[in-house]
Amino acid sequence: MQLVDEFRDPALAQALLSRIDQLMTQTPLAEREVVRVMEVCGGHTHTIFRYGLDQLLPQGLELVHGPGCPVCVLPRACIDTAIAMAQQSDVILASFGDALRVPGSHKSLLQARAEGVDVRTVYSPLDALELARKHPEKEVVFLAIGFETTIPATAMTLIQAEQEGVDNFSMLARHISIIPTLQALLDDPELAVDAFIGPGHVSMVIGTAPYQFVSQRYQRPLVVSGFEPLDLLQSIHMVLEQLATGQPKVENQYARVVSEAGNAQACVAIHALFEPAQSSEWRGLGAIEGSGLQFRTAFSHFDAEQRFAAVLQSEPAATPEYACCGEVLRGSLKPRACPLFGRECTPEHPVGALMVSSEGACAACYQYRGDETP
Amino acid sequence: MQLVDEFRDPALAQALLSRIDQLMTQTPLAEREVVRVMEVCGGHTHTIFRYGLDQLLPQGLELVHGPGCPVCVLPRACIDTAIAMAQQSDVILASFGDALRVPGSHKSLLQARAEGVDVRTVYSPLDALELARKHPEKEVVFLAIGFETTIPATAMTLIQAEQEGVDNFSMLARHISIIPTLQALLDDPELAVDAFIGPGHVSMVIGTAPYQFVSQRYQRPLVVSGFEPLDLLQSIHMVLEQLATGQPKVENQYARVVSEAGNAQACVAIHALFEPAQSSEWRGLGAIEGSGLQFRTAFSHFDAEQRFAAVLQSEPAATPEYACCGEVLRGSLKPRACPLFGRECTPEHPVGALMVSSEGACAACYQYRGDETP
Amino acid sequence: MCLGIPGEIVALETDDLAWVEISGVRRQVSLACLLDEQTRAEDLLGQWVLVHVGFAMSLIDRDEAQRTLALLQEMQQMEQESENAAG
Amino acid sequence: MCLGIPGEIVALETDDLAWVEISGVRRQVSLACLLDEQTRAEDLLGQWVLVHVGFAMSLIDRDEAQRTLALLQEMQQMEQESENAAG
Amino acid sequence: MSQSSSRVTLAQGEGGLAARQLLESVFLSAFDCPELRQLEDQARASLAELSLLGDRLAFTTDSYVVDPIEFPGGDIGTLAVNGTLNDLAVGGAIPRFLSCGFILEEGLELELLRRITRSMAQAARAAGVAIVTGDTKVVPRGKADKVFINTSGIGIIPAGIQMAARQCEPGDVIIVSGTLGDHGAAIMQARGDLGLQVDIASDCQPLHELVQLMLTASRDIHAMRDATRGGLATVLSEMAGTAGVGFQLDEDALPIRAEVRGVCEILGLDPAYLANEGMLAAVLPESEADAVLAAMRRHPAGQDACLIGRVVDQWPGKVQVKSRFGGRRLLEPLTGAQLPRIC
Amino acid sequence: MSQSSSRVTLAQGEGGLAARQLLESVFLSAFDCPELRQLEDQARASLAELSLLGDRLAFTTDSYVVDPIEFPGGDIGTLAVNGTLNDLAVGGAIPRFLSCGFILEEGLELELLRRITRSMAQAARAAGVAIVTGDTKVVPRGKADKVFINTSGIGIIPAGIQMAARQCEPGDVIIVSGTLGDHGAAIMQARGDLGLQVDIASDCQPLHELVQLMLTASRDIHAMRDATRGGLATVLSEMAGTAGVGFQLDEDALPIRAEVRGVCEILGLDPAYLANEGMLAAVLPESEADAVLAAMRRHPAGQDACLIGRVVDQWPGKVQVKSRFGGRRLLEPLTGAQLPRIC
Ligand code: SF4
Ligand code: SF4
Ligand SMILES: [Mg+2]
Ligand SMILES: [Mg+2]
Ligand SMILES: [Mg+2]
Ligand SMILES: [Mg+2]
Ligand SMILES: [Mg+2]
Ligand SMILES: [Mg+2]
Ligand SMILES: [Mg+2]
Ligand SMILES: [Mg+2]
Ligand SMILES: [Mg+2]
Ligand SMILES: [Mg+2]
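As given, the protein sequences belong to chains H, C, Z, E, Y and A, one line each in that order.
With numbering that gives the first Met the number 0, the residue at position 13 of the first sequence is 12, and numbering never jumps.
With numbering that gives the first Met the number 0, the residue at position 312 of the second sequence is 311, and numbering never jumps.
With numbering that gives the first Met the number 0, the residue at position 15 of the third sequence is 14, and numbering never jumps.
With numbering that gives the first Met the number 0, the residue at position 55 of the fourth sequence is 54, and numbering never jumps.
With numbering that gives the first Met the number 0, the residue at position 312 of the fifth sequence is 311, and numbering never jumps.
With numbering that gives the first Met the number 0, the residue at position 127 of the sixth sequence is 126, and numbering never jumps.
Bound conformation, chain H alone (with noise of 0.2 Å):
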């Protein structure tokens, strides 16, 4: 595959690995005991346990798994509500694959199909917008979820609902902007962090500039990163580098992909129908400010929320989740050091919503080295 094989060259990863190598045992990394480079994006978690790229690394260069998965960060009630809204007669629930499987205070979207609502999956929120097209006589409510780099996605698909005059379709957005998540992050005194590795496609979206305040304000490293082994080897040389010479910046090693100003009609499109809510409530997280999105007025009739608001009224409030999960998204503690991890706690019966997204830490940490003990 052209774009994709090339950036997995084992010979090329060889001379990587020699060069952290070298930069772990020299001054001043070599001072330090542990190194830690947290990559903010599930989808880099996956790439490092697919290939165990981890286990190339030295000794005290250690990985901190981020909370950078939308799935791993879907709190219990929205499920509970989605799972409100498909119960109704004439609806039809869609999202994708991921999000079917996160359990809400009872049960995932999956065990409620099984219990005979009607869920599908979709690839695309326009998948869910055909849906709609073809089943006049239904409600097609899409269960919007991901960062920057899937909301222009929800949002182009919303513009040409409106155009077309597609009545029958809303959907229940969960978006989550970056920004602010990170900014939640490096807020947190139990942060233990020493640089980061950015998310690329969230990068091409919003670009690279947004991530100044990282390295300014935090003195942190950060360099936004492609999703195969050597973009992610190259860029943790990048921040080791970074570390090395104690001067903490924004860099790019996907510039094939990313540019500092990002796509300006996909910002355009997410602001134009979308605005940051106050404060929103995110699995692990907690309320984080401004890092959820709001349907604008001109386009709340797309939202979900607002059309079912009498069914939702009723809704009981959702459980509690469980505390370890916020401590392993940020950081602080080690998918393992769990004590329902790999019990109570797997993919197959997931506690927590790491568990569920094979870019969630738990599971992908179970997926790839189950067989570890703890």
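For the record, the hints were derived by calculation from the structure and aren't laboratory data.
Please note that the accuracy of each hint is not assured.
What the hints assert, rightly or not - In silico DSS-like pairs for lysine-lysine, Cα to Cα no more than 27 Å straight-line:
1) C:K106 to H:K137
2) C:K137 to C:K106
3) A:K317 to H:K137
4) C:K333 to Y:K145
5) H:K333 to A:K317
6) H:K106 to H:K137
7) H:K106 to Y:K142
8) C:K137 to Y:K317
9) Y:K142 to A:K142
10) C:K137 to H:K133
11) A:K142 to Y:K145
12) H:K137 to C:K133
13) H:K106 to Y:K145
14) Y:K142 to C:K137
15) C:K137 to A:K145
16) Y:K321 to C:K333
17) H:K137 to A:K145
We have chain H; now place chains C, Z, E, Y and A with the ligands onto it with these hints.
Relative to chain H, chains C, Z, E, Y and A with the ligands alone:
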């Protein structure tokens, strides 16, 4: 079974058969080449074939199978209409089992069901009403067929629907009255029938009085008969005795169930809901004045044909009935004399309606005597 | 036409619905066609009725049934006697 | 997060829908996020894009890709040389 | 806190862990036997050991889609075991192995599935056969009706036994092992949509012991069939057709329970077309009838065994019923489904 | 004028005439063989003749519910024959007889049913097996999804052949007969709901000839599985679990078609979990590998055969994949269904 088994006693049947033999071999009946007795009612036809009674009767006594099967006289166009209604999304079409196999111009209701429309078998019109209660989101249409035996059930069901305000319930009513039908038969110059066995269950509703014209105007004996073998043999004996004495009259063999006056409440219900239609077309019988019933204006909201008028406008004309059925229904042709009998036309793939219900003269003949060559 | 079957009213369900028993089988039937000012459902308990498409359509007169059978039995006796006489 | 995959725009379906080919597999993707006054769909034919949930989200700069790889190859050569020197 | 479901999920049909857990928690525990425990893709059995029982293999299959799944006298599980056993039994075979293929609808209650598998296990144990290989598929909700089961069966036919419909010949008599239509009537009433209340249980039961007893009484039984779908009328028509002879039944000899007759009278059906699931018809020389009937009546499944008619050389391929009045009628194979009639 | 339908009717599932006509017009004409023609309730076969082929009977069953019913490379009929043949084949058995149980949805196009039965007949003929017994049920519209098929198979295992997962041991190598996930990818694209256009055909094919060739090259093959539902990852996990040994695969050695990889990259799936329907994995001593691989590559079903890993004494019951970078990851059995991911 009480009130059933007593009337299936073979010793008593033997006695009746001897009496019948005697009558047929004595003057004046012995002088006739053939005595033709028409059992008007398909139920009688059924009993005759089920027990092989015709095989036990003496030479020269011939049973002619009359038109008294509401399924057999159902026109193709009625089935076409029922299918057109069933094809509306949201419609459940319900009827008695026998009606579902009647061929329309292109297919039967069972075949339409195989192609995806929602057709249900019910035992009672009350079960159809129950379907309407259970499926308020559906429109339930009951295809109502039957002679006076069944019309009170239809009427009482509608009265109940009216009282409860069940408004997703309607009927495609194709009821037929026995008296105009008999009248038309008797007016047919080709009718070669010497006496009638009258329909027991119709008579429990209308009583025996309405048949007086048969003996008075047309000089034919008529005996209202029950449905067990002894009932039929006794009734045959009774008409033969009348023929022997030359005093045609109306007699009642089935006094345990039928009274002279009939069932007043049932008749009231019929007349409350329905009024005679000017002229109705029946399969095999052609148009018969006053034989059909139509909704009275006060109840026309239950008339499925009015409810679905828009749909039905575009109904294509039904293909014409096969001519032989009519001759068989009027008693002027024996089923086996129809060139289609047992070849193109079988109970499995009926061409004419007489092959559908096991009451139909052709079906009874095929089912119970299929091995005889024509 | 018109399959009808005799059954006994063995229980009442509502004031116009009854349970009828036919050879060990019970079914609910409507009494609507048998009720009027003079006849209430209670009066029908224990009676035999002719059932058609879920409705009791007629009371059955068991005495009449007996009379019909008695007539036939008499006829049979006469036949046997005349046969014996002939044989 | 955000599975993205590079593919080549091989055909246009409408003025904002294109067929993208990825390792022999074709899928329709929306070009809505790449179009503006200056950029029409025709201009994108033959280009490589990053596809996410049915949308082309970014053009891929193949020269940049080459530059990144060239850098890594250079690094590898230097490593080998220093290794040879050491060994 | 883990949200394991009390219902069948699609994942359980995808192979993998969920499927494995369903297999272990439901099927293996119910059907445990050495062949199954191997968890190979196929069960294995020694041909030498099988040859001790007879000289021919018998092989049959049936799918079970009964609605409702549970009914008086059994459930789809007992049916799936006994039905296939009986298709082996009526060939004279001693049943040995069953396979079992489940098609489950997403959302099926696991507890119902457990009840069904327990029924199957119990029926298999009672009959001395093992369920040695199996398969489970799960289809999305609405794509199947709760649960369908296929069982295939292998049995061994003892040397010297040779039953086949073509062997029926004039002079033979026809016997049945029990009353007509019990299963069909029980199902109709269990379905509930006809509003009938009646105390009839399905006759669902294994017949292989009965058949072996019959064969002990006489090796000269010409043919046998279990009267299932389409009822006695249909299996007799098939046999008469295959042999090219006529069957004549005596209507009054047909054993029918009062309640089954009641159901039939109400709905206008003929009990000769109602299904049984533990009743067989056999055709044999008249000389053997007494011995065979006596043997049958010693077995619970044959208590109501009786002679119902004989094979004649008239009406080849047809079944006639003689009424008590002397008239006769034809019993054609079932035409279409039996539907309740009004006329 | 007679209105015979071009669709399956409920009556055809009720036994009786309609069922008989379906049997004769569709099934008997397609599957004609002496055993079926008897129209007894069970097929019969001589044990003595079977014993000439080997010393053990193999028995297996599978139900087929694939959606869509027809797809590039086959249909539910070819699948139903080859799938069950393969479950016999991987036990070393020579397949002999198949049973076939159809569950049809009322309203199914008869022409589709005819195509499916023709596929089955052709697949059976090609494999040299006979469909000797069958059954058909029809369920009301909406109670099943067009057509489900169960096939059960009987084969004979030649004396001396003994393959079983528990025999896998450290030092063995693991080979596969073809590329991963072709069937799964073909089905996903045929379903159409993911909007993928790709030229991939199912690998649906019989493997018994290939297996017999392998066994000719070496009788010392320890275990074999066809990688169907849950894919290679799942069958290897099962084998490793049964044997209590570790399997270590070399990621770069896994043969995967570019198009299958493309589908997986787009949807975020792992080809190791996609189904095959004509690919097997075998475990055998390293000493036998060259001979066995050479034999395999001479057969069309084994052209892409290759060595993908080895059995180790670490990680008992687990399958590890070593990436090209030297890191390793666990290949757990499939958890839940594979769903397209966005992240
Ligand atoms: S193992 Fe489960 S409960 Fe524990 S942190 Fe991970 S996802 Fe949360
Ligand atoms: S055989 Fe058929 S076509 Fe002929 S008269 Fe009878 S029903 Fe009509
Ligand atoms: Mg819903
Ligand atoms: Mg409809
Ligand atoms: Mg069978
Ligand atoms: Mg059978
Ligand atoms: Mg059977
Ligand atoms: Mg299987
Ligand atoms: Mg199998
Ligand atoms: Mg297998
Ligand atoms: Mg298999
Ligand atoms: Mg069968």
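>> Need the status of pair H:K106, Y:K145: alpha-carbon distance at most 27 Å?
In response: 21 Å, holds
> Does Y:K142 pair with A:K142 here, judged by a C-alpha cut-off of 27 Å?
Replying inline: The hint holds at about 6 Å.
> Holds or violated: C:K137 with H:K133, Cα cutoff 27 Å?
Replying inline: Holds, at about 21 Å.
> Taking 27 Å as the top limit, are the C-alpha atoms of A:K142 and Y:K145 close enough?
Replying inline: Roughly 9 Å separates the two Cα atoms, so the pair holds.
> Are the Cα atoms of H:K333 and A:K317 separated by 27 Å or less?
Replying inline: Holds: H:K333 and A:K317 sit about 23 Å apart, inside 27 Å.
> Under the criterion that the straight-line Cα-Cα distance not exceed 27 Å, is the pair C:K106, H:K137 satisfied?
Replying inline: 32 Å, violated
> Given the hinted pair Y:K321 and C:K333, is their alpha-carbon gap at most 27 Å?
Replying inline: Holds, at roughly 23 Å.
>> Check whether the Cα positions of H:K106 and Y:K142 lie no farther apart than 27 Å.
In response: Holds, at about 22 Å.
>> Check the hint pairing A:K317 with H:K137 against an upper bound of 27 Å on the C-alpha distance.
In response: 46 Å, violated
> Taking only the CA atoms, is the gap from C:K137 to A:K145 under or equal to 27 Å?
Replying inline: Satisfied, since the Cα-Cα distance of roughly 25 Å is no more than 27 Å.
>> So if I understand the rule, the pair passes when the alpha-carbon distance is 27 Å or less; does C:K137 with C:K106 pass?
In response: 24 Å, holds
>> Hint check: C:K137 vs Y:K317, CA-CA at most 27 Å. Holds or violated?
In response: 46 Å, violated
Violated hints, in rising order: 1, 3, 4 and 8; the structure is consistent with all others.
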